[in-house]
Amino acid sequence: MTFDKQIKRRDLLKASAMLGIAGAAGSTAPSLLMAEPAKPKEIIIRAWGGPWVEALKAGVSDPFTAKTGIRVRHDLTEDNEIQPKVWAAVAQKRTPPIHINWDTTTNATKSALRGVCEDLSDLPNLKGTTDLAKPVGVDGYPIVNTYGYVYVLAYRPSAFPSGPPESYHDLLDPKFKGRLAFYNDGIGFHFPAQVAGGGKLDGIPSNMQPCWDFVSKIKAQEPLLGEDPDFVAWFQNGEIDAACTISTNALGAKRNGVDIAWTIPKEGAKFDTDGLWIPRGHSEGDLYWSKEYINQALSKESQQIWLDGLGLPGVIPGLQPPTGLAGDPSYPTKPADFDRLIRISGKIQVENESEWFSKFKAIMQG
Amino acid sequence: MRRNLSSYPLMWRLMDMLEAIFKKIWPKGGGFWSPYLMLSPAILLVGLLVLGLGYIGDASLRTLDTSTFLFSEEWSLTNYERALIEPFIRSVIWRSILGATIVTMITLLLAFPYTYVMVRTRSAFLRKFLLITLFLPFFIGQVVRAYGWLIILGKQGIVNDILGLVGIEPLRMLFNYPSVLFGLVQYMFPFAVLMLAPALTAIPEEIEAAAESLGASWVETMLHVIFPMAKSGMIGAGLVVLTLSLTDFAMPAILGGGTQDFVANAIYDQFFRTSDQGFGSSLAVLLIVIGSFLVWVVFVLVGAGTLAMGAKDK
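Chains A and B, in that order, give the protein sequences.
In this text, residue positions in the first sequence follow our numbering: the first is 481, and each later residue adds one.
In this text, residue positions in the second sequence follow our numbering: the first is 6, and each later residue adds one.
Mixed in with the good hints there might be a few duds.
Covered stretches of chain B (in silico footprint by chain A; criterion: 3 or more residues with CB under 8 Å from a CB of chain A, positions within the stretch not fixed) [to be verified]:
#, segment
1, 65-77
2, 158-164
Result set (BS3-like, lysine-lysine): computed pairs, CA atoms no more than 27 Å apart in a straight line [what the hints assert, rightly or not]:
#, chain 1, residue 1, chain 2, residue 2
3, A, Lys734, B, Lys160
4, B, Lys160, A, Lys697
5, B, Lys160, A, Lys655
6, A, Lys657, A, Lys699
7, B, Lys160, A, Lys699
Since the hints were made in silico from the structure, they are not lab data.
The beta-carbon is built from N, C-alpha and C at its ideal position, and this holds for glycine as well.
All chains should be modelled from the sequences, with the hints used to inform the complete structure.
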C-alpha cells in the first residue's frame, strides 16, 4: 500500500507538474505564434531596375534582411507585365509569383478594384504617416502609398538662356520643333495640357477637349515619344531640349553629369504616387512577413535612405530632403508646395486612361 | 529493289527506326493506328495552339468593366465594334498592312539579285562572303539589331558623324515610318533569300544557256525564263515576309519612337498598359483574320508557291 501510495503521490506530482507546464505554455505559446509565424526563406519584391532597385535595397530590403534574417529577392519584371500574371494566379487560387508589388498607384488601383489586394490597414507604422500614404478613390488600404512624385518639365538650360520655360506654350516656339519629348501615351501631360488648352481641371474626365486641342498643337512640333530610359538617353545625346518626365529621371540624368534642370510651368504638373501592395493567395506566414516588409518601408529610417536615392518626398513627417532638393518644386512638403500640383483620384484615372492613351496616340500618330 | 542502306532518304530510315522502337515497346504493334500515333506529338502541338486561339477568341468577346476591372460574363461584339470604329486602331491596322506590303516588295526586289548571284557565282570566295553576310545577322536578335540602328542612324550616330565631316547638319533619320520599313527590310532580307535560294538552285543553268543560244538577251532570259521558273520561291518568300512583317513588334516600337505603332504594339498596350485583355484579344483575332485573308488572296491569285510543298498546281 505504501508503495502504491508513493506511486500515486509521484504520479500526482508529475501530473501536476505537466499540467502546470502545459498551462504556462498554453498561456504564452499561442500569442507568440500569432505574433510571429514561421519565417519564409525569402520574399520576392517586384521592383524597377537600375537606381530604383538600388535605392530600395539600401533603404528597405537590406535592413529588413538584417532584422529578420529573411532574404529579399527583387523581381525586375515590369509592373505592367507582372499584373496579368498576378491576376491569373489569384483567380486560379494559385500562389502569386511575387509577395509584394512595388507599383504605380494607378496600376495598383486596378488590382484593388479587382479585389486581389490584401488589406494593409493594420500596419503599425501607418499611424505615423501623412495623408499621402492613403490611396485616393478606394476604400481602406489595399495599397500603401510610399512616396509622391511630380511629372516636371525637364529642360536643357542652354536651350532656355532667358530662364526656365514658364509655360507649356513656350514649347510651341518653332526652334523646339523635333526637340521635345513626351511619354508615348501622354501620361503626365494630359492634365497640364487640359489647363494649357484653356480647360479646367473640373472638366476631367467629362470635357477633355481643351487637352486634345493643346496636344494637337504640340504634335505640330514633332516631339519624340518614349519611356523613362529614352528621355535620359535623349538628354545625354543632346537630341532634345525639353521633356515632361518624372523628376527622378531628371535627377538621375543630372547626377550622371547631364546639363539638365526642371521646373513646374504655370499650368501645373501632375502629382502621383507609387505604393506597395500584397497579392492575395499567400500563406499566413508569408503574408505576415510581407506586411512586416511594408511596415519596414514605412519606418523613418528606411524612408530616409530609400527616398534619398530616388529624390522623392516620402510619407513620414520630418524626413530630410536629399542634397540640393530642399525647396525644389519636385520635392513638395508644405501645403503651399502643392498649389500648382495636380492630383486626380486613382479611380478616375484608371477608369479613363485607356481612352486618354488612345486619344493621345491617335493625335500623335495621325 | 534495295541497293544499299544509304540509297533510302534519311527520313525513311528515321521512320523505320521509330517503328522498330515502337515494336520493341509494343510487340503486338498498333496495327492500323501506328502511323497516326507517330503524328500525335505534332497534333498535340497544333492542338495547344488551337486551344490558345479558342481562349483568345473567348476573351475577345468579353468587355472590361473599368469600375471593377473584371470581364463580363456574357459575350458581345463590343470589342470588335470598337476596334473597327476607333480611328487610332483603324490607322494602326492600315499602317501595318501597308508597311507589310511595302516591305515584302522591297525585300523581294533586293533578295532576288542577291540570291541569284549567290547560287550562280563561280567564285567560292564570293559565295562564302554572301553566305556569311546573310547568316551573320541571324545570330543577332531583332531587338539588338534595332538598337544597333539607333546607334548608327541616331543624331549622334555614325552616319551623322560622317555627314558632319562634310558640313551637313545632323539629320533625324529615325522615329518615322521609313525608318521602321528600313529596319523591317533589313530583318526580313535573310528569310527571303533562304526561301528563294532552293527555287533558283533548282533552275538548271543549261536552260539559261539554251535561251541565250536561241537569241534571248540576258534581260529577256531573266524576264521570260528565270522569273517565271522562280515564281514558286518568290511566292513562298513573299508570304513569309508579309506575315512576319504584319505581326512585327520590335521594329515599330524601337525605330518608330512611339509614333508608328503596328497592330502588335496596340495589342501589347491593351494587354499590359490598360489591362484590357478583351480588347487586346479582339485585336489579336483581327490580326489573324487579316493575315489569313492576305495569304488566301495570294493563294487564289498566284498559288501557294513553295509552301504548296510539291503539290501540283491545278
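Here is what the structure says about each hint:
1. With a cut-off of 8 Å between beta carbons, the segment 65-77 of chain B has 5 residues touching chain A; three or more are needed, and the interface restraint holds.
2. Counting residues of the segment 158-164 of chain B whose beta carbon lies closer than 8 Å to any beta carbon of chain A gives 3, which meets the minimum of three for the stated coverage.
3. Our distance criterion of 27 Å between C-alpha atoms is met by Lys734(A) and Lys160(B), whose separation comes to about 21 Å.
4. Annotation: proposed proximity of Lys160(B) to Lys697(A) holds, straight-line Cα distance about 24 Å (limit 27 Å).
5. This hinted pair checks out: Lys160(B) and Lys655(A) have alpha carbons roughly 17 Å apart, not beyond 27 Å.
6. Between the alpha carbons of Lys657(A) and Lys699(A) the distance comes to roughly 9 Å, so the proposed pair stays at or under 27 Å and holds.
7. Proposed proximity of Lys160(B) and Lys699(A) is supported: the alpha carbons are some 20 Å apart, at most 27 Å.
The structure is consistent with each of the numbered hints, conforming to all of them.
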